[in-house]
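Asker: Protein chains in written order, with my numbering: chain A, 1 to 444; chain B, 1 to 312; chain C, 1 to 329.
To be clear, the hints were calculated from the coordinates, so they are not data collected in a lab. Take the hints with a grain of salt, since some may be wrong.
As the list claims (entries may be wrong) - Here are a few chain B residues that face chain A, going by a calculated C-beta distance under 8 Å:
#1 Val165
#2 Ser252
#3 Asn255
Unchecked claim - What follows is a set of in silico ranges between Cβ atoms, one per label pair, in the way DEER data are often shown:
#4 B:Gly106 / C:Asn189: 41 to 47 Å
#5 C:Val94 / A:Thr218: 47 to 53 Å
#6 B:Asp253 / A:Thr174: 38 to 44 Å
The beta-carbon is built from N, C-alpha and C at its ideal position, and this holds for glycine as well.
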Amino acid sequence: MSHSWSRPLRTAVGAAAAFVSLAVLAACGGAAQAPAEGTKAHPVTVTFWAWTKGSQQVADEFNATHDTIKVKFEEIPSGGLGGYPKIANAIKAGIAPDVLSIEYPSLAQFVSQGSLKDLSSYMTPAVKKEFLPQTIQLTTMGGRNWAVPSDASPQIFYYRKDFFTRHHIALPKTWAQFRTAAQQVKKAAPGTRIATFFPDDPTFFQTMAWGAGASWFTTKNGAWQVDTTDAATRKTAAYWQGLIDAGLVSTAPSYSPEWTASLKAGTTVGYLGASWGAGTLAGIVPEEKGKWAAMQMPSWDAAHPSVGMSQGSTFAVSKNSTKTAAAMKFILWMSTSPDSVRARLSASTSTALPAAPALVPVARKAIDTSFYGGQDLYGLYEKAGATIDPDWLWGPTAAANNTLRDQLHGVVGGSTTLPRAITITQSATVAALRGSGLKVEDAS
Amino acid sequence: MTTPLIVDPADQRAPGTGRAGRGGRATVPAGRPGGNRWLSRGAVNGLLAIAAAYTLFPLVWLVTAATKDAGNILGGNVFSFEGFDLGHNLSTLASYDGGIYFRWYGNSLIYAGLGALGCSLVSVAAGYAFDKYRFRGKEKLFAVVLLGVLLPSTALSLPLYLLAVKTHTVNTYWSVLIPVLVNPFGVYLSRIFSAGYIPDEALEAARIDGAGEMRVFWSIGLRMVMPGFVTVFLFQFTAIWNNFFLPLVMLSDKNLYPLSLGLYNWHSNANATPDFYPMVVSGSLLAVLPLIVAFITLQRHWKAGLTAGSVK
Amino acid sequence: MSTDTGTDTTSTTGGPGAPTAARGAAGPRRPARRGPQRTGLAAGLLLTPFFALFTVAMLIPVGYAIWLSLFTQKLSGLGFEGPRNVFDGLGNYVDTLGDSAFRHGFWVLGGYVLFYIPIMVGGALALALLLDTAIARARRFFQLALFLPHAIPGLIAALIWVYLYTPGLSPVVSAMHSGGIGLDFFSANGALPSVVNIALWEWLGYNVVIFYASLQAVDRSLLEAAAVDGAGNWRLAFGIKLPLIRASVFLVLLFTIIGSLQLFTEPLLLSNTGSSITSAWTPNMYAYSEAFQLNDYGRAAAASVLIALIAAVLSFGVTRIANRKGARA
């Protein structure tokens, strides 16, 4: 924002610019509004909002290597903690930046509010081929591309290798084995649990259902199909309800002081996370260096491992943007250039798995895995990435997550159960979608 | 939740004119020590001590926790002298993100200082007018002011936000500053103070000397009602310093954050990055110090303010 | 600043800017306190800043909220084209009142008030009466010690208590745990007491100081006479002092109720820590989540208007009762 302009002048200029861009739009029949690139003297400036550590460095690196497009980065609070409301409000107010960072679970909400630009014309087959196919699928709705994947985040199980070895507990490949291992852990050291069922984060359970083959949302014939109680989800619900009832998992909130304290005390010896979680974990308990290891998340069928994706982020262009072409240049550079990965990792220890497989070696080289005894994390991540179930789509309303979150409080509190929670989620989600005017088919 | 007390204006009485307004105590009736076996001296003071322990304990925790590193805070052994890390905590606080903590501190001082100053001036002027002048519909108008006291401020935040978006003031200093300039309770309080502290004779004398009404207010009324001014100022200062909802809604540029919002952000980050815990804790400690100091040194004023509102 | 604004802002209530001539007609209700100068102008000037701000920061937002509450946003198909703003009459009110989450918020609030008010008012009264007995020591220290939490911003108070509630982090929880008490402050049953405790901690001392000040203002000769008659501290406290400070008690009650309706910061912080507090636990949280999580401004505005309305009705009720009792006293 310029402070040198007086407000009326700025408004006038803004109105004029809008008028001109409208005229241009009308003239060329809805093509890109501003040129993809400016000149050295007058570069196109793209604004960019994100909260991921290292984003500033990425923008700096882009600016250092490009002179016809410049990026202006602003850090915002992370999505769930105020970032998304901020984006939604800015879009409503018409003041949103060009490029937005949005996590997969929230993408459809922005799409269904008409907040994002359709990027299909930029996502040519050649471009799509650069990404892990599942991540392209997750950003495609109604046959159109709405975002560019940044990272893929297959589920990963992190565990205290020293503990498992000392107590001769076999590493669980399936969920049945996981339950056995959970019992052994509890027996080996009273008060100790194999892992945590995060009750505050509904996407934890959803990702588990996803890995089991669930598919809550799909678009068909111009309508949203909702089914939060399909067979895979019911199986997942019954399984986790069993673990919670038997007290085999802890139910501390995700990344809460309680959870952190239990990791430090060694009373939680596993973490059901995702690729990016390795860096987080190492940052939380640096003193347990060398004691942890990572493995593929257990699955229902050992012969056909399948996982979901926990969070993970994409880049999208807001509907307020008048510089889609320039924005897309920047976004594709961020998602596919080695320079971008190096710049991000210069300021961050995140072990995110780039959605573009060609970048994995860059990340592998930059990340120190001594916390995991030098394990080849990225080799594991690539393998896990290939097992991501492609049939999942996140829903177009926050109501599904909000309802499930509120229900999960009751689940760990003992006042309701997971099977009941998913039924309530179904009806609340359908009601919310219908209430907002969307076309919905209730599949349950 | 910083709504102070009001009474029906008919009940108004001058603060500080009775014993109530003073910190010290006048003669205490000699209760008969022999007559209260059920409530011995020890029991009375013991109960008070327990209550004080309850109120002071979390503060003691805050002070000791501020001296600990993340490991020791999370380990729960806050009361030991192990892992004494205060200096390091403070230097992290000062250096993190280019010293943004002190920028927040400055913002809070700006919001609270300017906001409280403006609010007290505006309130005292209005309170003075309500007290010293007669005009048609005065009491009805005053009732409207009192109704404003009853409005939950959080209910106003959403429309204020949307209005700020419309006027392009969202995410600016103004968006937080302007709404806190209004406190109907300040007007109410000022009216009472004006009645208590400004004798009509003083104004009359000035008028006879030929002073205009504005001059009378500015050089006599305002001077005489200074204790009330300070009370309103303190009230509003605390209210703004405490304010969380409005900045949460209005501000997205972290350079504009007040302390409460900045600390909230850090607290949210602390989940994934425990290094933030010591920063949140020591940051909180520094944030409450000025208020504690203000309340200890200005005891007489806030007590007068509370008393003014409640004593019948 | 012109006086026009003065008349303008107050015209709705036939206000202070009314011309001087009209004032004479109103007639003096009290003995004249000032000379008959052109004081209408002065009053207008002095009131203008406040009422200008009052209009901008309170009246217009209230009006705007009511306006907003009449509209709703409708999507269509898969929603890709964005929402349309549609006039919905009282639809948002019907939906809000019909939403069990919103109503549940009031049940929670009801439970909170039932829990909180007796403890708060009773506790503050008891402490004030203790302080007011002849045998209490170090009154200044106790007043200050009890009052100090009020100087702590609500958010920081909530932060401190969240840490003190967290297992593994809190010395209180571990002390109780080793004492065999497995109290979970975040559980479904623990949530309400946890929030009550935070509010109690913040406001107890504040109310003690108010009650104590009122007690100090009680006519000492009354108490001396009673003491001479042989009344003990107990009789003095409950038979004589308490009825005399009834007005203060009602006012504290009133503001505690209004404050309760605004309950937001403390439960919001607790809900983030994964306690059993849901996103719409209190009516205010409901409005916040509708506006900023679900982007339903119409519904949020309707909820805000309803909250304000209920607050006004409740305050009015309490004030009426208080005044009636006061008149009888």
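Asker: Indicate, hint by hint, whether the structure satisfies it.
Answerer: So, going through the hints one by one against the coordinates:
no.: 1; hint: Val165; verdict: holds (4 Å)
no.: 2; hint: Ser252; verdict: holds (5 Å)
no.: 3; hint: Asn255; verdict: violated (10 Å)
no.: 4; hint: B:Gly106 / C:Asn189: 41 to 47 Å; verdict: holds (43 Å)
no.: 5; hint: C:Val94 / A:Thr218: 47 to 53 Å; verdict: violated (32 Å)
no.: 6; hint: B:Asp253 / A:Thr174: 38 to 44 Å; verdict: violated (49 Å)
Of the numbered hints listed earlier, those contradicted by the structure are 3, 5 and 6.
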